[in-house]
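For this one, chain U is given, so just place chain R on it according to the hints.
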Amino acid sequence: MAARTRYAPDRGLTVRMTATMFLLGLVFVAFVAAIIGIGTAYHASDAAIVLFAVVIGGGFAIGSLFYSDKIALRTAGAREVTPQEAPELHGIVDRLCALADMPKPRVAIAHSNMPNAFATGRNADHAVLCVTDDLMRRLTPEELEGVIAHEMSHVAHKDVQVMTAASFLAIIAALLIRVAFYGELFGGGGGRGRGGNNQNAAIVMLVLMAVSIVVYAVSFVLIRLLSRYRELSADRSGALLTGRPSALKSALVKVSGDIGRIPTNDLRTAKPMNAFFFAPAMHLAPKGSLAAIFSTHPSLERRLAELDKVQQQLSRTAG
Amino acid sequence: MGFLDTLLGRTKPVQPKLDDLFALPSAAVTLDAGAGFKPTGSGSVCFRPVEGRSFSDVQKEIQELLDMSSGKEGGLPVEVTKDSYGFTWLVSSRMSDELDALVTDLHAVNSSLVDAGFGPQLLCTLVAFKDDQERRLALVYLFKRGTFYPFAPLTGERRDNALELQVKGTIGDDLKFEPDLARWFPVWGAPGL
Chain U
1 MAARTRYAPD RGLTVRMTAT MFLLGLVFVA FVAAIIGIGT AYHASDAAIV
51 LFAVVIGGGF AIGSLFYSDK IALRTAGARE VTPQEAPELH GIVDRLCALA
101 DMPKPRVAIA HSNMPNAFAT GRNADHAVLC VTDDLMRRLT PEELEGVIAH
151 EMSHVAHKDV QVMTAASFLA IIAALLIRVA FYGELFGGGG GRGRGGNNQN
201 AAIVMLVLMA VSIVVYAVSF VLIRLLSRYR ELSADRSGAL LTGRPSALKS
251 ALVKVSGDIG RIPTNDLRTA KPMNAFFFAP AMHLAPKGSL AAIFSTHPSL
301 ERRLAELDKV QQQLSRTAG
Chain R
320 MGFLDTLLGR TKPVQPKLDD LFALPSAAVT LDAGAGFKPT GSGSVCFRPV
370 EGRSFSDVQK EIQELLDMSS GKEGGLPVEV TKDSYGFTWL VSSRMSDELD
420 ALVTDLHAVN SSLVDAGFGP QLLCTLVAFK DDQERRLALV YLFKRGTFYP
470 FAPLTGERRD NALELQVKGT IGDDLKFEPD LARWFPVWGA PGL
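So the sequence lines, in the order shown, correspond to chains U and R.
Here the first sequence is numbered in our numbering, starting from 1 and rising by one per residue.
Here the second sequence is numbered in our numbering, starting from 320 and rising by one per residue.
Honestly, the hints are just simulated from the structure, not real lab data.
Glycine included, every Cβ here is placed at the ideal spot set by N, Cα and C.
Hints are supplied without guarantee of correctness; some may be wrong.
[To be verified] Label-pair ranges, simulated between beta-carbon atoms: (1) Glu85/U - Asn480/R: 16 to 24 Å; (2) Gly465/R - Val221/U: 39 to 47 Å; (3) Arg74/U - Ser403/R: 28 to 36 Å; (4) Leu484/R - Gly63/U: 35 to 43 Å; (5) Phe22/U - Ser345/R: 51 to 59 Å; (6) Phe22/U - Thr349/R: 52 to 60 Å; (7) Gly63/U - Pro344/R: 49 to 57 Å; (8) Arg137/U - Ser345/R: 44 to 52 Å.
[Claimed, not checked] In silico SDA-like links for lysine to any residue, alpha-carbon gap of 25 Å or less: (9) Lys70/U - Asn123/U; (10) Lys104/U - Trp503/R; (11) Lys331/R - Ser246/U; (12) Lys449/R - Ala354/R.
Chain U extracted, bound-state conformation:
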């Protein structure tokens, strides 16, 4: 149906996301090249260490992907609910799934004093959608629907898989830093034969550590950037699905404002899960600040501005 569509993708967002992923790929290639370079330059067999890191890192990534729904539900203290227990919530999800032609995710409610929501699971068939009871109390049904549409867009975009794949590199780099660090500590006194070999191994470890630190830092910033773009595109798809960008906007304003007012003590417990949340459990970083570069979510102003674009796109008269 190419005839007329009001749902054209946002080209700017696509270009920026492609660039980010290209850079991540570039870092990956540079990392591999550096490791091979170190290996050949020092005739050292760091292959075993790297292989070890890849296996452990890969196992960790696949494990967290596979059990992401169970881990997230456990961490959030959420409980799955039946349609009888939460008819309105299930009704919203049912209708959005029929509109978007998606399988229905499992629905869970977490008992929390923070208004928030997340969706996770390794694919659409194993997805679980969770909202906090506080979110349901504070938002109107339209706003709640906007938030749920945002979360379901995360499922449709396979964001859990994409972000797991993207952070794979950082996981390996982090593991190598640790391995190299301990190698440096204990490698010197180990049962190696000659002194020359020992020194050589020490240098290899140092270089490996330096490379890993740089890779970790760069990929960390890139992953956060990617995460912010994924949030923006989930906002966009969610608003297009419900046809009500304004409801999502008012939900964002409410939720961000409310989260800012909550004392930080409670928030610390929720921090590890920020990447999957609708709005992160900390003050949204102001635009242009250093914190904004490390933030998993875009600033509130940015999200509202992008939703304005959707609104204009939808109200344009046809033809």
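Coordinates of chain R only, in the frame set by chain U:
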């Protein structure tokens, strides 16, 4: 959704499938013969309104179009209701033996929305049936899947699953039924039912 779309985090809105709706009249005959359910003559289209002038213009046009056609043939005017989930229902009421005309009405709404570029906003179409014991039944058409499912509400928010499955068996191949039972979502209090 393709690999590239996944990578770039974009969704293509799903366009509705309209044509399978015309299988309804012949399936209704089978349903009457097999289970004793007759059409009540009312049917409705459910869609998601979009913010802004553009959509309200389209909606007004559709309403005028349907009012005109039903007025000519002595039918009732089209009724517009909003449900608690923020969806709009256009209910068309005909005589109970005019199922063909009803389906044409419903199709007019669908194609007007699609022509205006709002096809992805269509949720479902519902045609109501009743038997001698006044049991209510609806055949719901899912636009995005191009499939039907039966919905038989009881008092309270309970549904008669046995009847629904019986209807599916009775009609059999005359209609394309939704194979995934998880997508037979309830439409409690749907207008026109």
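Comparing the hints with the structure gives:
1. Glu85/U - Asn480/R: 16 to 24 Å: With a Cβ separation near 19 Å, glutamate 85/U and asparagine 480/R satisfy 16 to 24 Å, so the hint holds.
2. Gly465/R - Val221/U: 39 to 47 Å: holds, 45 Å
3. Arg74/U - Ser403/R: 28 to 36 Å: holds, 33 Å
4. Leu484/R - Gly63/U: 35 to 43 Å: 40 Å Cβ-Cβ, so the 35 to 43 Å window holds.
5. Phe22/U - Ser345/R: 51 to 59 Å: holds, 55 Å
6. Phe22/U - Thr349/R: 52 to 60 Å: Holds - the Cβ-Cβ distance for phenylalanine 22/U and threonine 349/R, about 57 Å, lies within 52 to 60 Å.
7. Gly63/U - Pro344/R: 49 to 57 Å: holds, 54 Å
8. Arg137/U - Ser345/R: 44 to 52 Å: Holds, at about 49 Å.
9. Lys70/U - Asn123/U: holds, 13 Å
10. Lys104/U - Trp503/R: Given pair lysine 104/U, tryptophan 503/R holds - Cα atoms ~11 Å apart, limit 25 Å.
11. Lys331/R - Ser246/U: Roughly 21 Å between the alpha carbons, so the hint for lysine 331/R and serine 246/U holds.
12. Lys449/R - Ala354/R: holds, 10 Å
In summary, the structure agrees with every hint in the numbered list given earlier.
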